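Chemist: Listed below are the residues making up each chain.
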Amino acid sequence: MSTLAEAAPAESGFSETELTYRDAINAALDDEMAADDSVILMGEDVTSDGGVFKTNAGLPEKYGRRVINTPICENGFMGVALGMSVSGLRPVVEIMFADFLPTAGDAIVNQLPKYRYMSGGQFAVPVTVRVVSGGTGRFGTQHSATGESWYMAQPGLRVVTASSPGSAYELLRAAIRENNPVLFHEHKGLYGRKGLVRRGAVAELGRAAVLREGSDVTILATLLMVERSLAAAELLAADGIDAEVIDLRWVRPLDLDTVSASVRRTGRLLIAEEQWHEGGWGASVISQLAQDGMPWRAAPRAVSLPHDVLIPYSPPLEDAVLPSAERIAEVARAQVGP
Amino acid sequence: MSTLAEAAPAESGFSETELTYRDAINAALDDEMAADDSVILMGEDVTSDGGVFKTNAGLPEKYGRRVINTPICENGFMGVALGMSVSGLRPVVEIMFADFLPTAGDAIVNQLPKYRYMSGGQFAVPVTVRVVSGGTGRFGTQHSATGESWYMAQPGLRVVTASSPGSAYELLRAAIRENNPVLFHEHKGLYGRKGLVRRGAVAELGRAAVLREGSDVTILATLLMVERSLAAAELLAADGIDAEVIDLRWVRPLDLDTVSASVRRTGRLLIAEEQWHEGGWGASVISQLAQDGMPWRAAPRAVSLPHDVLIPYSPPLEDAVLPSAERIAEVARAQVGP
Amino acid sequence: MAEDAVGADRRVRWYRQMVEIRLFEDKVQELFMGGLIQGTTHLCQGQEAVSVGAIAAMRPRDVQTNTYRGHGEALALGMAPETAFAELMGRVAGCSGGVGGSMHLIDTKKGNIGANAIVGAGLPIAVGAAMAFKLRDEPRVALSFFGDGATNIGTFHEALNMASVWNAPVVFLITNNLYGEYSPLRTTTPIDDLARRADPYGMPGVVVDGQDVDAVHAAVSEAVERARGGGGPSLLEMKTYRYRGHSRSDPAKYRPEGELDFWKSRDPIDLLGAKLKAEGKLNDPDQTALREQAQADIDAAAERAAESPYPTLEETRGYVYAG
Amino acid sequence: MAEDAVGADRRVRWYRQMVEIRLFEDKVQELFMGGLIQGTTHLCQGQEAVSVGAIAAMRPRDVQTNTYRGHGEALALGMAPETAFAELMGRVAGCSGGVGGSMHLIDTKKGNIGANAIVGAGLPIAVGAAMAFKLRDEPRVALSFFGDGATNIGTFHEALNMASVWNAPVVFLITNNLYGEYSPLRTTTPIDDLARRADPYGMPGVVVDGQDVDAVHAAVSEAVERARGGGGPSLLEMKTYRYRGHSRSDPAKYRPEGELDFWKSRDPIDLLGAKLKAEGKLNDPDQTALREQAQADIDAAAERAAESPYPTLEETRGYVYAG
Ligand SMILES: Cc1ncc(C[n+]2csc(CCOP(=O)(O)OP(=O)(O)O)c2C)c(N)n1
Ligand SMILES: Cc1ncc(C[n+]2csc(CCOP(=O)(O)OP(=O)(O)O)c2C)c(N)n1
Ligand SMILES: [Mg+2]
Ligand SMILES: [Mg+2]
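Protein chains in written order, with the working numbering: chain Y, 1 to 338; chain Z, 1 to 338; chain D, 1 to 323; chain U, 1 to 323.
Keep in mind the hints are simulated off the structure, nothing from the lab. Take these hints with a grain of salt, some might be off.
With a straight-line Cα cutoff of 20 Å, these simulated EDC-like cross-link-like pairs (lysine to aspartate or glutamate) come out [said to hold, decoys possible]: (1) D/K275 / D/D286; (2) U/K134 / Y/D36; (3) Y/K54 / D/D209; (4) U/K275 / U/D214; (5) Z/K62 / D/D137; (6) Z/K54 / U/E181; (7) Y/K54 / D/D137; (8) Y/K54 / Y/D31; (9) Z/K62 / Z/E16; (10) D/K281 / D/D270; (11) U/K281 / U/E292; (12) D/K253 / Y/D30; (13) U/K134 / Y/D31; (14) D/K134 / Z/D36; (15) D/K264 / D/D209; (16) D/K134 / Z/D37; (17) D/K253 / Y/D36; (18) Z/K54 / U/D250; (19) U/K253 / Z/D49; (20) Y/K62 / U/D250; (21) Z/K194 / Z/D216; (22) Y/K54 / Y/D30; (23) U/K253 / Z/E61.
Note that this is a predicted model, so its numbers are computed, not measured.
Hey, can you work out the whole structure from these sequences and the hints?
Modeler: Put into structure tokens, the structure is as follows:
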């Protein structure tokens, strides 16, 4: 099923169109670059033939030197983006694979989030980092990471994830308009997905989206796990289990209000995450609800990457380690019980 | 009070001596370098005058070229350590401030933990990374991090923390003997602390230590927060509250058995952490216990760095943001109730 | 293998290795299109002389690190095509048990201590291996293969600086194929001869004709033996070209008209073939026969590899942590 | 201030600035020992000619990034000593409201867009500022100050490469004081003249006498105006020396006998003082009077700074996120 958010009637000024996730990102970049001359796009191979994942098609022709091809040096060009941002530009930086974010580790941990603070608030740092994340691509151990939780603890940063064409468009526009550094996570397994896009809309910062309402269990997910959770909800419906599915969207700040309100109704929380559970947003959400004294009807659960396992290349093995709709449904069934 | 672990009667072959935390680290390095020629020490300024925090005094004179002074290039020399480790050496790498770990982000996320896996198990990667972490030094935003949870989600790594001279000695020896990459966290606020060291002892991998037994609440901490938790326990004792204090020690793997057994007795868990709660080991522990259906007598709580605040230089302000014994005791009192 | 003088049979063996690599890569492309190999592949047709000439300069206990475009080095180091195909197909018979894939053809027993999917990551690792040799006073050398694009990332700089200040027995080998992914060298790098990047580390930098396996072998041998003798590291730039796109099904539209043809006119296999023929060491019929035999071997290896099963999760658990 | 020709009064102003920096740093050491300044300090006594001569080459809307050892640049850019002292004491009157401390004397209104505590981090930031100027066709230039030790970290390489390939209006300025923390340059770096590190980026590299403020000003002015004119980036190496240890109370035992005395014999303040005297522009009594006045100003500034309150957590919350 398509998402409630996207199925909602287009507000005035929005034109609804069906786009692929890839083209929705392209449209968000195009609309922001058209609206504001200070927005620029930079990264490795971004100018050639739409870029590696073809998200940038047409932009170099349209915006000329505002689309900048960089040498291979993530930490360096992330620092360049910071320098641009404190000099009046709003750079959007493409990181070809989330696995390369740690190569820019100093810029992400010590520079972008702290630059304003160290100066006593003299700067704003409007940098958007587009991070291509996730598995299913058979890219193996060093090219399949979802870095969505890596930097979630860092004050000064915002972290957001896009699970559909509609949310990718609205969230990327919100990220580019934000006056603080934002890590915007895309999933390489979703580029071909089609969905409704409210051209012109800009998402609200820090708001999760309830995509499917239900009364028995709340499934909380991001990125590719959102569509798998929606598929799981369909499987559960067949068993008479009514699942609510929430797209967390923002990892920092966490929208605990939306999640908490849902879990107070359903009494059950199931995290569906394409990451290891330790140190992730799923564990953080469960911890916060537990500290708030959530009255669970059943213990919360998480479907995550298997503990102490890395992402393999071997195709059947990669499929086996990534959480599936079936696995999500299975755990939800156990939570709801007979 | 001194710790139970350290107060325990020295087993045969161990000689108990009182050392500073700094000298305990020096002793562990010395003992391992003496025991195994393949152990080497490298890092910035490690050869001059004992190194920046004086932990390496005497080692260059004693071990000659096995103590290597590096240029300033964390990612580079971390890669060098990896190359050494797959060529028969057991390097110990000193990272002068935890804040510089992200500078070596690629080596830590994509190389050390994945190198064995990518090869189908052809290599072992016995690298120990000594990370100088923590606040109280008035070093400001870019020099006060505790990176203990940054990489806790990464399969292939081990992460350990040292809260006292005794544990620093035994845990560092265990880290150096481990055949996988270990991030060993020291706290710069503890170097001058004195404590009993069981010279010759080697800690067990993945075991937390119960430092004080109690029946009303379990306080779980690492690094500097351990002594502050023990101090809080004394304050609580004065109020007739009997707190158990556990030094988590290993962030990866987490010793959930020890923590869980304690909380099943006390019914209350209080996390004392010098880090932001999101994405940290505290949240992960609470999440795991909640998933196991822990029957809480009171909701778990955490005393952490304040949300959306960075570490300031200004001395009174730094004191205000770091969790204090008083604050820990205060929250424990609220948990236990009247 | 590495000790004997550079004689006829040895160069005939190089010829055979280059043909094997060429046909292996062509087969990989075919299997990728057919779906038996998934994810990504980075092929090295056109660069065979670099892999073969440089690897031939190594002695038995020397080691090297290479990259995701490392099939040529892996095969030149003696990995059986069947083992390599099995890895690319994700099968247990692969060198990494199928979990690594195309970007990680590794065999530490053959001195292949790393094939890295992170640009620039292999250089410091090679320096580390070289330092281990040096600290143990072993007469061994480490090589590091990487591309032109990798000379722009920090690890290149850090590795060369450390190698020089420590006088580590390591040789840095740039396979300059003129492109980093879709970007021509000139758009990311302000100079043309990357060997120029050796001077600020006080080490020799040499430009080499990467199409001529004899030239590659001579230059790398000199650098390797200098390093072995305590003469320190050096930086070698191999001028070459990749016939295929960067990866997968990249059509390489970014290449100027005629560039590919120009480089094919100096094909490394043809160049050595012509020399061997002129020297009367391998005439046309021999070359044809050799090629046909190699093709048959490659096809058979791919078929046998496809019979190997996929690994189970249990079989791979031990790859994460060493005991 | 930056436009007028290099005339007498201007060089007298430089002299005064150098004296102010010297006395400021001496006072910082005293306050650190007394506990009014905590944590760490990195002082620049001996390097004053580099800060003053280079900053004087900037025009009003130009910018620069520097480091934890940036007090000299901050003061030369016109930060009031009182503001700087207040920051070092962690008070609200400090340039960063007291949360930054000694390593972060920043004032964007004066073109001081960053003082970084991470070695090498300031270079790409300066390139970014320069690219913003270039993309908007503004005739502005960015400078980046960093140390000799910073030339060994990846960001140095990445920044210079990007600056050159993009022809960014930026000037890289190495303050080569012969040590990176406790390590002599030679133990971490295989060459002596770091200006040599410009060539692989195809940019000019110049060695400059960092004790002679006139030489520094001339060299930096030329590089800055070349960059402004579209001539691209350059790398300047200032040979100088820090009189104090690396930081805090480092006794600097690692320095050879007599090295400090040698450099003090070419003290930058004395050198300019002698010239101004010879030129009849500032005689001995004037110099003494100027120094006494500066000392009085510094002492008064420190006292006023100490009267500023410490910030409250609430006052600093807004420093984390911009609205
Ligand atoms: C740190 C990092 N950044 C980006 C990439 C993506 N990437 C893979 S190959 C490549 C181009 C490398 O070019 P070059 O070094 O010339 O090697 P070649 O592919 O030509 O053999 C890039 C950018 C990567 N793997 N690692
Ligand atoms: C990435 C990083 N590594 C290490 C340090 C610790 N550190 C601070 S200053 C310094 C020496 C820098 O030397 P140099 O660049 O010559 O500057 P100087 O201190 O001499 O002005 C080091 C290693 C750091 N701040 N950042
Ligand atoms: Mg290339
Ligand atoms: Mg220096």
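Chemist: Evaluate each hint against the coordinates.
Modeler: Cross-check of the supplied hints:
Annotation: proposed proximity of D/K275 to D/D286 holds, straight-line Cα distance about 14 Å (limit 20 Å). For the proposed pair U/K134 and Y/D36, the alpha carbon gap of about 17 Å is at most 20 Å, so the pair holds. Proposed proximity of Y/K54 and D/D209 is contradicted: the alpha carbons are some 35 Å apart, above 20 Å. Proximity of U/K275 to U/D214 is assessed by CA-CA distance (about 10 Å); at most 20 Å being required, the pair is judged to hold.
Of the supplied pair hints, the one linking Z/K62 and D/D137 holds, its CA atoms being roughly 19 Å apart against a limit of 20 Å. As the CA atoms of Z/K54 and U/E181 are separated by approximately 14 Å, the hinted pair is consistent with the 20 Å bound. Simply put, Y/K54 and D/D137 have alpha-carbon atoms about 51 Å apart, too far for the 20 Å limit, and the pair is violated. Proximity of Y/K54 to Y/D31 is assessed by CA-CA distance (about 17 Å); at most 20 Å being required, the pair is judged to hold.
For a cut-off of 20 Å, the pair hint linking Z/K62 to Z/E16 is broken: about 23 Å separates their Cα positions. A distance of roughly 14 Å separates the Cα atoms of D/K281 and D/D270; the hinted pair therefore holds under the 20 Å criterion. Under the criterion of a C-alpha separation no larger than 20 Å, the hint pairing U/K281 with U/E292 is consistent with the structure, at around 18 Å. Note on D/K253 and Y/D30: the hinted pairing is violated, with a Cα-Cα distance of about 24 Å set against a maximum of 20 Å.
Between U/K134 and Y/D31 the alpha-carbon distance is near 24 Å, which puts this suggested pair outside the 20 Å criterion. About 17 Å separates the Cα atoms of D/K134 and Z/D36, which keeps this hinted pair within 20 Å; it holds. Under the criterion of a C-alpha separation no larger than 20 Å, the hint pairing D/K264 with D/D209 is consistent with the structure, at around 14 Å. Using a Cα cut-off of 20 Å, the hinted pair D/K134 and Z/D37 holds, with the two alpha carbons roughly 14 Å apart.
At most 20 Å may separate the alpha-carbon atoms for a hinted pair to count; D/K253 and Y/D36 exceed this at roughly 31 Å. In summary, the hint linking Z/K54 to U/D250 is supported, as the alpha carbons are separated by about 12 Å, within the 20 Å threshold. This hinted pair checks out: U/K253 and Z/D49 have alpha carbons roughly 8 Å apart, not beyond 20 Å. For the suggested pair Y/K62 and U/D250, the alpha carbons sit about 56 Å apart, so the restraint of at most 20 Å is broken.
Annotation: proposed proximity of Z/K194 to Z/D216 is violated, straight-line Cα distance about 29 Å (limit 20 Å). Between Y/K54 and Y/D30 the CA atoms are separated by roughly 14 Å; this keeps the pair inside 20 Å, and the hint holds. For the hint linking U/K253 to Z/E61, the alpha-carbon distance of about 16 Å falls within 20 Å, and the restraint holds.
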